[in-house]
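K.L.:
Sequence:
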Amino acid sequence: MGKRLTKKLAVLTSAVMLTSVFSGVAPFAATSSTVHANADTKNLKFDFGSASSPVAQGYEQVANTFVYNSEKGFGFKNPGAAERDRGEPDDLLRDFALAGGNEFIVDVPNGDYLVKIMTGDHIASNRTSFSIEGTSYGSISSSKGKYTELSPNVTVTDGQLNVAIGENGRINSLEMIPMIAPEELEVTDTKLGAESSVSLKWNEVEGAKNYNVYRKQEGEANAVKVGSSETASFIDTSAQLGFTYHYTVTQINSSDIESTPSEEITVKVFDETVQAPSEPNGLSLNKATSDSVSISWSPINDAVMYYVYRAKAEEGTYSFLTTTTKPSFTDSVQTTTNYFYKVSAVNLGGFSELSQPLKTPISNVSIRQMEELTRDLVAVKVEEGVYLSWRLLGTDPEGISFNLYRDGKRVNDKPITSSTNYVDSLGSADSTYEVREILNGKEQGVADETEVLSNQYFDIPLQKPEGGTTPDGVEYTYNANDASVGDLDGDGEYEIILKWDPSNSKDNSKGGYTGNVFIDAYKQDGELLWRLDLGKNIRAGAHYTQFLVYDFDGNGKSEVVMKTADGTKDAEGNIIGDGNADYRNSGGYVLSGPEYLTVFEGETGKALTTTDYYPPRGNVNDWGDGYGNRVDRFLAGVAYLDGKTPSIIMARGYYTRAVIAAYNFKDGNLTKLWDFDSYKAGNEKYSGQGNHSLSIADLDGDGKDEVIYGAAAIDDDGTGLHSTGLGHGDAQHVGDLDPTRPGLEIYGVHENRNSPYGLSFRDGETGEIIWGIHTGRDTGRGVAADVDPRYPGAEAWAIGGAWNARTGGIYTAKGEKIGDTIPTSNFAIWWDGDLLRELLDHDFDENAESPRYGLGAAKIDKWNPETGSLENLLTDTEITSSNWTKGNPALQADLLGDWREEAIWRLNDSSALRVYTTTDVTEHRIPTLMHDPQYRVAIAWQNVGYNQPPHPSYFLGHDMEEAPFPRIYTSKVEDAKVSIQPETLNLKSKGGKNSVTVSVELPSNEGGDVKAVKLIVDGKSVFGEVAGKASEKKINVKFNRQELIKAFDGMNGEIEISVIGYLDSGVTFTGTDMVKVIH
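Quick note on numbering: the sequence shown equals residues -37 to -1, 1 to 1042 in mature numbering (1 follows the signal peptide of the UniProt record, and there is no 0).
Just so you know, these hints were derived from the structure itself, not from any lab. Treat the hints with caution; some may be incorrect.
[As the list claims (entries may be wrong)] Below, simulated BS3-like cross-link-like pairs (lysine-lysine); rule was C-alpha separation at most 30 Å, straight line:
1) K532 to K473
2) K520 to K473
3) K8 to K40
4) K107 to K79
Assemble the whole structure, with the sequences as input and the hints as a guide.
P.N.:
The following block contains the structure:
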């Protein structure tokens, strides 16, 4: 019928109770309204029910038998609607029509309306969907005795409102409020100059309380509010000389409802008869510090002023910063990333073309707290001898080399420099090995010895909890489930933290009692350190218990953090809250009683501190249903919100309402930093965007982490960063997936079959959809990993059917389709010797008659892009995956040896965990992934919800750049006095061989050798040659001039440079100095 719908953000309000399920509503667009003050004023309030039910005062009756005809002007499209009358709570809500699959029609003048629909049932829960004028608003849910209001603004263009009703089909009432937009908007005056302004007026709207004025700059997509007025006029004093603006006005009525905008007018704030100035040139950097950038340019004679713009990429979007009358500007900005500046000159004739861009350096350098790890040498008997692998640490110098010893005798002829693995052809199963580092030409002391494994795996014995019986008489047993790692005792080696899942664990959508959840901690030799019993008031299932293992307070030992309840018992037998309380209802759900957040000491398992859990449960119906499914969807993560130390992220809800909270744990106390609630005003577009997992990464390059919450992202300060509106999904991958683009990318799949994209590839900072594929179905699984060397960056694929489908579509990082046949869509793992990623999956047995029913034999495959097939590298039928068809390992992480990843699965009977490590030789030397902060926090959140594989902060794949050394510290940090000589670096002579010397005055009372010193130049690490010992208090470090020339990349000006150094005692020292660079 050629209908057009112009929408504002849907408004949710509550009568008795609020709960709704809809998302993805677009911002308003300008339209011309045809509803006038003298339009047809017939009653637009409708009360649905039976012909005999009472009708609410002021409402028009709509009996279930009313079928639309043009004379009446309203009614159902088809006969057959039913009705119910519950007798209470009032005349409007007591009764309703049951019109699922039907449509309500009402004739109205064309124009803009606020449409208010009430739905609910006094004696039953309700789930009804609505589509208004062809746009779906999803499912509206409420529990018994609760009523929900859906209130979107819509535009009618064909003289008829159409409301399609689905699912349960309950509709209690409908009201249409005409939204009259202001008319005859015009310009009354325009002032040009350094203080420009635009004066506007329009016709008054009867009953308007006030008006909002919106302005859109030429070339921009969205209008912004520039002011309000109680009269029908407004002077925009923020207008800038030279710009072209588009203005609209809305009216706010007495109910604080805003109309759609008026017709748009265009205003040019310049004189077209005057010639605009010429383009500025000579942009140069004067000074760059950690918190400012000063630039200048050649003056333009006829310029009134200059406009300064900034972007984060040379070809990116340049945002207006400020005006200045001088040919210079100082930007107070944290220089955590490269910025690009352009300048335009402006006079009464407008502004010039933008100047050429000026790139400025990264000068603000922060370092992140990380674990202090050992080399964790691994030795495995292989056919060729003994395979050995060890860690390259994030605190190592770039030039570190190694010697290997077998039974006390050196194995290698010369220091090993090109990799951190080796095959000793003379080794045997009885040999013992050690690896020693060589620093500054000197071999260091003896390391821990390592014995040889007879297989490429080892088992960690477990102590399985005894089963039990639920209150309804159902017996249950236990299986080992998800795991995490942390250095619980500070010895530099990881311990395993394991969740025990009862055999009757439940998805939130299923009722029934469950057994208790247990959390164990094990040494790698199988020693049980402690056990937690979460008690009867924590339900068992993938979405309930999300546990975090991390060193939150910086004491060198990991804590363990999770949601607890009355009756939770710590490892010392201490009970949290009321040990006798039982809040389980007859359906097995826990929907009442207190909820807690507890930090446990990693070394002992004792509770250190407990506070009320936030986000709280509140009203169950607020989360999208009334029976306990959506209210208890929990997520958790670890984020460096300040760029330096880790914080705790706790979250609740994602189908509708989503609430995220951040905590710090310091000095034994939990402190809430912030919370984000999608139901708070201004956050509505973040509702319904969460996944069954989350991710953490620095999306905007400011050195601080963001929370990637499915199709949305929350900034480090707890404000919304972006929301795509694509909705909930089951899988997501975040990393530098396309290294040809600046920043990080996010790949995800989406569940809503009406979403414009079933799989999407978006910019991490802005949320801009780089490319997407419409699937028209619930796209349940997808992966992004570099599996094909023919294309740069990661490939991305998604299933086209069932969870184990091998068809769908695989795409390049640019969105070009490679083929329909896809790899498995579970985990990706770095396993063999190349830089491509392999595929971790399982052979799941769904045959209920099979002895292996419900078990998934673990396997690792390699994708052959030429044939579109998988080549098996590992299969083990003695072990099984976790979480039914999800098929994840207990844990996948870079736990031992070099940078490749280990995988942990449980034995079929859960008597042990089996840890697999690779034995493929690689020539690639990369710092341990566990010292890359993004990868490390991904290991912490891997157990959360639907487990997802980790990604580092940089592109790790075929044809990658050299892997960066992270900026981290593993013990205490001390300030050092730093002096760079010469103070002026004239780098014009590229043939110069003079070194640059950095003099470092070390912290007092710190002895031992200096392990490594590096300059951070424009974000790149340049390692120096150390001369002297820490005990001498002052050392000189020489840096290669050519390496510095390369790092400065043509920059000029005064630049703040950071120095980071590591002592063999574990102490990190930092300092900065200014250097004038002439290039």
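K.L.:
Any of the earlier hints contradicted here, and which numbers?
P.N.:
The structure conflicts with hint 2 only, although it agrees with all the remaining ones.
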